[in-house]
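> Protein chains in written order, with our numbering: chain A, 1 to 286; chain B, 1001 to 1300; chain C, 2001 to 2451.
If you're looking for bench data, these hints aren't it; they were derived computationally from the structure.
A hint or two may mislead.
Below, a sample of chain B positions facing chain A; criterion: calculated Cβ distance under 7 Å [claimed, not checked]:
(1) R1017
(2) F1023
(3) W1037
(4) F1039
(5) V1101
(6) G1137
Virtual Cβ for every residue (Gly too), placed ideally from N, Cα, C.
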Amino acid sequence: MKKAETLTSERRRKTILSVVMSIICIIYVLPVVAVVINSFKVNTYVKTNTFDLPTGEMFAGWSNFVKGMTFGNYPFYKSVLYSVFITVVSTFLILLFTSMAAWYIARVNSKISKAIYFLCVFSMVVPFQMVMFTLSKTADRLHLNTPWTIPIVYLGFGAGLAIFMFVGFVKSIPLEIEEAAAIDGCGPLRTYFLVVLPMLKPTLISVGILELMWVWNDYLLPYLVLDINEYRTIPIHIQYLKGSYGSVDLGATMALILLSIIPVVVFYLLCQKHIIKGVAAGAVKG
Amino acid sequence: MLRKKPRFGNSLTRQTRHWFPLFVGPVLAAFIIGFVWPFIQGIYLSFCKFRLIREAKFIGFGNYVKALEDASFRHAFWFTAAFAIVSLVLINVLAFAAAYVLTQNIKGSSLFRTVFFMPNLIGGIVLGYIWSMIFDGILSRYGTSILMNAKYGFWGLLILVAWQQIGYMMIIYIAGLQSVPDDMLEAARIDGATRAQTLFRVTIPNVMPSITICTFLGLTNGFKLFDQNLALTGGQPIIEQGGSYVKTTEMLALNIFSTFYQSKSTSPGVAQAKAVLFFILVAGLGLLQLNYTRKREVQQ
Amino acid sequence: MKKLIALLLALVMCLSLVACGGSNSNDGAKTEEPAADGEAAPEDTAAPAASGEGSVYWLNFKPESDEALQKLAGMYTEKTGVPVKVVTAASGSYAQTLTSEMDKSNPPTMFVVGNANSVKDWSSYALDLNGTPIANELNTDAYNLYDEDGKLVSIGYCFECYGIVVNPDHVAAAGHTMDELTNFAGLKAVAEDIHANAATLGFDAFSAPDMDDSSSWRYTGHLINLEYYYEEQASGSKWTECPPSLTGEYFDNFRNIYDLSINNSTTDPKDLATGGHDPVNEFISGKSTFVLTGSWDYAAIAETVPNATMIPYYCGVDGEEKAGLNCGTENCWAINSMASEADQQATMDFMVWLVTDPDASRIAVDSFGAMPYKNAVESTNAFLAAADDYAAAGNYVMDWATNYQPAVDDYRAAAVSALNAYNADQTDANWEAVRGAFIDGWAVQYANQQG
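Input sequences plus hints: build the corresponding full structure.
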């Protein structure tokens, strides 16, 4: 009898929690909802009627999106292309090269391996502001100031965390498998690509997600390194709109923000499990 | 940790050793460009007076003296420290509470998790814009704006960062909570412990590692905050303080950034000196964490 | 699989090559550093010029003229094949952008040195323009900037005027005449009357500028000029360099017109802080009668308000019936002395083309104002014509004393903050903070700049 009672009270408690959490959840998504409704609102009403639905004369249809496409004297699609290119290539370079380096560092026990590993760990605690000025100058001197070459800068600045995570994982893989491959006559290159890389998959995904998120959202590094008028990534473009002449068109800005969030949200919903796992892994180790 | 490494497939080790240029070379080259060289040059330049790098002239500690004398830098430090600590407590408490509730097997927990985590994927600049629209939408009804009062700026930034990071910390706490051994909870229940007792005596001690991680993470995140700060208030409002003008909501990272690109000819050197001080601060926190976690690992 | 490996290998090699090449040129840069000590030498440091032919990189500081400049750049490249790149700094960040761009391997070949402070900061990187072809094209020396040694650091490429732009039709519709607008009392009476009857008239008096970066300079960079100007007059001589402090003698006059403009406006003063209204656009669309702007907006305004005219900043100063418009410029070109000779030459050619070619100077004149060059086309700008009319009638020209603002971006930002607080709550205490930012702030920023 008593047990049944606690069970019902337990169930009631859970229901209440569920309801409370649902309400919080709704509040939680409100900012995004605000972006959606304001992206369809005529500019002048965005400030005065921020939380009203875009009805009647406030409704702007797609005009904010149309305007946003060429807003600030710069075609938005270019920003998207640059952002996508830089993010994908940088992540690919980081994954490939840092995992290779990490394997070498973990497996070849030499002074230089240790030194590099130490440097990587060290670089993780250095804030970007410390190197931003000199890094932007160095990148400029070496002509790494285009979207095609900036991934090298990302590889350099992002190497620390990636190597740290890969080394941690490689050390946990038993040596025997690689030894067996070596006995079968595999050289280091084949051993790495055929044997080690497949085993690294979970860490590759974790690191990949961390780097993707970092590079996609990064503002300061590309802002300082890239040639400002020619190449604007999405965050740079959005920030630039604020300083543009005339007045800030909040409606069009919200339209662009919405467009820049959508791919992120879709990507998130598709690979949610990996993303959450990757982020947790990065946090626990970093 | 320090046990002797098994000798790695002897022939393979020796073979691999020669592959250094291929395996490590590219990363090393990029690492030198992207980190090592800028870092060294940065340290050097913090002791120099320059407008353009090629004209740098060594002047000793002058930049550091100027940096520490700078009222805006000191203000930024206190603002940042206050922000980091308040955000640390707020975010961690809320994130832990959320994680605790979501691990109670309630209906819809995976949906809640999805929603709470989502803001974390949006970049700082975009977040700043979204929230400045929201805050101004509210504040304009009272004839004011987030740019007008440092208090609004502080709390606004706090709400923004909380919204962004609670989900992230929550994930870490969920992982921690799920690793609390069931038999311990069961034992507590059988002993007749109340829910609160179980939480404070059993659960929390068991998730200490997660708490440590989140504490340091929250602290360093708070100190390094830049994009959100830039996009939400950009340091506004500016007030006069002791004979100089101070951006009241400017945090350290933004202060360093704006010092670099001021028109004054001495400012890049001073900014670089500020950056070195900032680095020492953040690295200090990082090393503290490393030390702390390592100690724990030894204990375990 | 083998193919994949081969491909990856190739990629690695490429990257290593890039990286190595990189390190080498890095070494090169290092050894160069001591060599470029002291005075900037024109020949050596040299950005690698594109195969002998020079190119032009213009760092522009006015976002509003970006479109026209891009067009001009395209025209020139099409005509001569010389690449011209125009980069425009975001509003309020020119100094920052210039500092960072000048240190790059391809620094701007032409940049804007528009005021006394800028001359001090950048004169050692600017070519002496005395006796150069572009200087010989000038028809006046009035807009040139020299440093202490008499080096011609930069030369004006156009001059502008600003004041209060008026829609005469609206004034008439409200039952007033333009003749009433000859001093502050008249302006105030008309503006307040229009504002009081805005609902029935269908338009308001002022379109007050927003306080965000897109418009706040209309106050902090333009309207405030009346205070500086009258103070300069009172001191007996024209400023030739930044004065260490201000007296604030005419600051109440600034308040007169400031209050008038924000309190008789389409926008509630409390809403100015966050922006979102384009004042000039409001004026163009007929929502207001007065707007604070300048000759650069003439083309846009004339499309819908062809008879728009410009009146001086009336602010209640004695004898202001004889006031004229604020004429001057901060649009002054300097050539980067560190650029390669080919680039310098290309830049010079581009400048000369811009001020002599009929099509080019037409576009330039239409979008900037008048150009002080012998062979440039005449301006059709009615606002500039109004400026001439005032001058011809014996009224005094208010020169651009704002060009002397110390640490201009910081100074203005602090003023904006104080104005925001005042707009929200118009008390005398808050106005004291505004005065503090403009007047005391001047001395603070001046001292700061020196230190």
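> It remains to establish, for every hint, whether it holds in the given structure.
A quick look at each hint next to the structure:
This hint holds: R1017 of chain B has a C-beta 5 Å from the nearest C-beta of chain A, less than the 7 Å allowed. For F1023 of chain B, the interface hint holds, the least distance from its beta-carbon to any beta-carbon of chain A being 4 Å, beneath 7 Å. Below 7 Å, beta-carbon pairs count as interface contacts, and W1037 of chain B has one with chain A at about 6 Å; its hint therefore holds. Hint on F1039 of chain B holds. Least Cβ distance to chain A is approximately 5 Å, under the 7 Å limit.
Satisfaction of the interface hint for V1101 of chain B is found here, the shortest Cβ-Cβ separation to chain A being roughly 6 Å, below the 7 Å cut-off. Of the supplied interface hints, the one on G1137 of chain B holds, with its beta-carbon coming within about 3 Å of a beta-carbon of chain A, less than 7 Å.
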